[in-house]
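A.B. asks: Residues per chain, in single letters:
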Amino acid sequence: MEAAQMIDAKGMACPMPIVKTKKAMDKLDSGDVLELRATDQGAKADVAAWSKSTGHELLEQKEEGGVLTFWIKKK
Amino acid sequence: MAVTAWTPAETAAKVMNEEKVFILDVRNEDAFQDWKIESEHFEYLNIPYFDMLDGVEDVVEQLPKDKDILVVCAKVGSSEMVADMLSDEGLDVAYLEGGMKAWSEHLEPVKVGDIPGGALYQFLRLGKGCLSYMAVSNGEAVVIDAVRMTDTFEAFAQKQGAVIKHVLDTHLHADHISGGRMLAENTGASYWLPPKDAGEVTFRYEPLEDEQTIAFGETEVAVHAVYSPGHTIGSTSFIMNQQYLFSGDILFVDSIGRPDLAGKAEDWVADLRNTLYQTYASLSKDLIVLPAHFMNMSEIGDDHTVKAELGELFKKNHGLNMEDEEAFRRTVTENLPPQPNSHEEIRQTNMGKITPEEEKQREMEIGPNRCAVQQ
Numbered sequence: 001m002e003a004a005q006m007i008d009a010k011g012m013a014c015p016m017p018i019v020k021t022k023k024a025m026d027k028l029d030s031g032d033v034l035e036l037r038a039t040d041q042g043a044k045a046d047v048a049a050w051s052k053s054t055g056h057e058l059l060e061q062k063e064e065g066g067v068l069t070f071w072i073k074k075k
Numbered sequence: 001m002a003v004t005a006w007t008p009a010e011t012a013a014k015v016m017n018e019e020k021v022f023i024l025d026v027r028n029e030d031a032f033q034d035w036k037i038e039s040e041h042f043e044y045l046n047i048p049y050f051d052m053l054d055g056v057e058d059v060v061e062q063l064p065k066d067k068d069i070l071v072v073c074a075k076v077g078s079s080e081m082v083a084d085m086l087s088d089e090g091l092d093v094a095y096l097e098g099g100m101k102a103w104s105e106h107l108e109p110v111k112v113g114d115i116p117g118g119a120l121y122q123f124l125r126l127g128k129g130c131l132s133y134m135a136v137s138n139g140e141a142v143v144i145d146a147v148r149m150t151d152t153f154e155a156f157a158q159k160q161g162a163v164i165k166h167v168l169d170t171h172l173h174a175d176h177i178s179g180g181r182m183l184a185e186n187t188g189a190s191y192w193l194p195p196k197d198a199g200e201v202t203f204r205y206e207p208l209e210d211e212q213t214i215a216f217g218e219t220e221v222a223v224h225a226v227y228s229p230g231h232t233i234g235s236t237s238f239i240m241n242q243q244y245l246f247s248g249d250i251l252f253v254d255s256i257g258r259p260d261l262a263g264k265a266e267d268w269v270a271d272l273r274n275t276l277y278q279t280y281a282s283l284s285k286d287l288i289v290l291p292a293h294f295m296n297m298s299e300i301g302d303d304h305t306v307k308a309e310l311g312e313l314f315k316k317n318h319g320l321n322m323e324d325e326e327a328f329r330r331t332v333t334e335n336l337p338p339q340p341n342s343h344e345e346i347r348q349t350n351m352g353k354i355t356p357e358e359e360k361q362r363e364m365e366i367g368p369n370r371c372a373v374q375q
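Protein chains in written order, with our numbering: chain A, 1 to 75; chain B, 1 to 375.
The reader is advised that the hints may include incorrect statements.
Unchecked claim - Taking lysine-lysine and the DSBU-like style, the derived pairs with C-alpha atoms no more than 30 angstroms apart in a straight line are:
1. Lys62(A) <-> Lys101(B)
2. Lys14(B) <-> Lys20(A)
3. Lys67(B) <-> Lys44(A)
4. Lys44(A) <-> Lys62(A)
5. Lys62(A) <-> Lys36(B)
6. Lys52(A) <-> Lys36(B)
7. Lys23(A) <-> Lys285(B)
Keep in mind the hints are simulated off the structure, nothing from the lab.
Could you build all of it, start to finish, from the sequences and the hints given here?
C.D. replies: What follows is the structure, given as structure tokens:
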């Protein structure tokens, strides 16, 4: 999937994946897609809940070799 | 202002001493709904950390000025961040060291009473409602229904100057990972399991048969096994020193056990009925019942243990006072709460069929315990 920006939060513990995602998202334009890569398992529930809370759309997610990848579309 | 860290042990002390604490839980809503640090004397506010990234001014207004505030998250990072932000706003707050992960693994040892040559201790796993036991007599120890945190039992025995000789499980657990096998391996103790629950286990164990006696310490404290099926087909209770009845997941202080596998409920209900209304009814009413679980903090007594006299339970426990067998059958078989997928994985782990990594084991155990039937 085409992403306007990629955030690499692999190896980072909560809350950093979301903190970094939020910061990047603040600078993007509405409709832009952000790709987040993380290894913290807690990110699964948190990215979904954060997207819901902020109104951004979690388009897709996958898990491969312990790396979680999320594609989030800015509202 | 100052930010302090509370260890799980310090937090447990607040729970046990019924202190008033205000919990700001910064996990997401689902996690908070699923489980939290329970106390009837705590107040709670759940705001996910990601809703506070732009500032905590609005949150400050919702926090009390006259109470300890503890910020809690899953592992620790988010609670530290939020605690720092609140501190910048001029508040004194604490965060829970290790988060709910550490809370789930904290064991609080409490003395139940003296026995010949030593004492009996109950280990409360406040985060999950599991109860384990260690009896020490003349330098020898027996551990019953050990949970996964085997270090705690080993360190405790060492402090008592005792060697763990026997490790017993009342049944094959499905709601939490047993520490029994590992504890026995680490200490050279014998690991005892009811054979009817152990048909598929992949390791060696000592079969716990009905009326088996396991000696340790002073002669009279020996453990006597009483076959008591119903929660599982192998469920076995223990009587120690003719004083204590370890009831496993068959009988609790405020409720009774339920058949542990939904598919077997109809088959096992007669066993459960028979165990409670025949076997237990014929035991001395003076026995102190020590279960493997508690459901509510209200079950913790003034002496900080979870226990009750068998006679008292026959008077007060609803599950022991259902004369109508059909009503009893319905109560323990209908409306059984769903069993999380992890229960099958936990069973397989306890049978030695799979060996998940520690992180995975933690994840498997998360969530409320659903062993009991309450009215």
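A.B. asks: Holds or violated: Lys23(A) with Lys285(B), Cα cutoff 30 angstroms?
C.D. replies: Violated - the C-alpha atoms of Lys285(B) and Lys23(A) are around 65 angstroms apart, more than 30 angstroms.
A.B. asks: Holds or violated: Lys62(A) with Lys101(B), Cα cutoff 30 angstroms?
C.D. replies: holds, 25 angstroms
A.B. asks: Between Lys62(A) and Lys36(B), is the straight-line Cα distance small enough, at 30 angstroms or below?
C.D. replies: holds, 29 angstroms
A.B. asks: For a C-alpha distance cap of 30 angstroms, please report whether Lys67(B) and Lys44(A) respect it.
C.D. replies: Answer violated: Lys67(B) to Lys44(A) is near 34 angstroms, above 30 angstroms.
A.B. asks: Would the pair Lys14(B) and Lys20(A) pass a check requiring their Cα atoms to be no farther apart than 30 angstroms?
C.D. replies: violated, 35 angstroms
A.B. asks: Keeping to a limit of 30 angstroms between CA atoms, is the pair of Lys52(A) and Lys36(B) held or broken?
C.D. replies: holds, 22 angstroms
A.B. asks: Taking 30 angstroms as the top limit, are the C-alpha atoms of Lys44(A) and Lys62(A) close enough?
C.D. replies: holds, 10 angstroms
In the structure shown, a violation is registered for the earlier hints numbered 2, 3 and 7, in ascending order.
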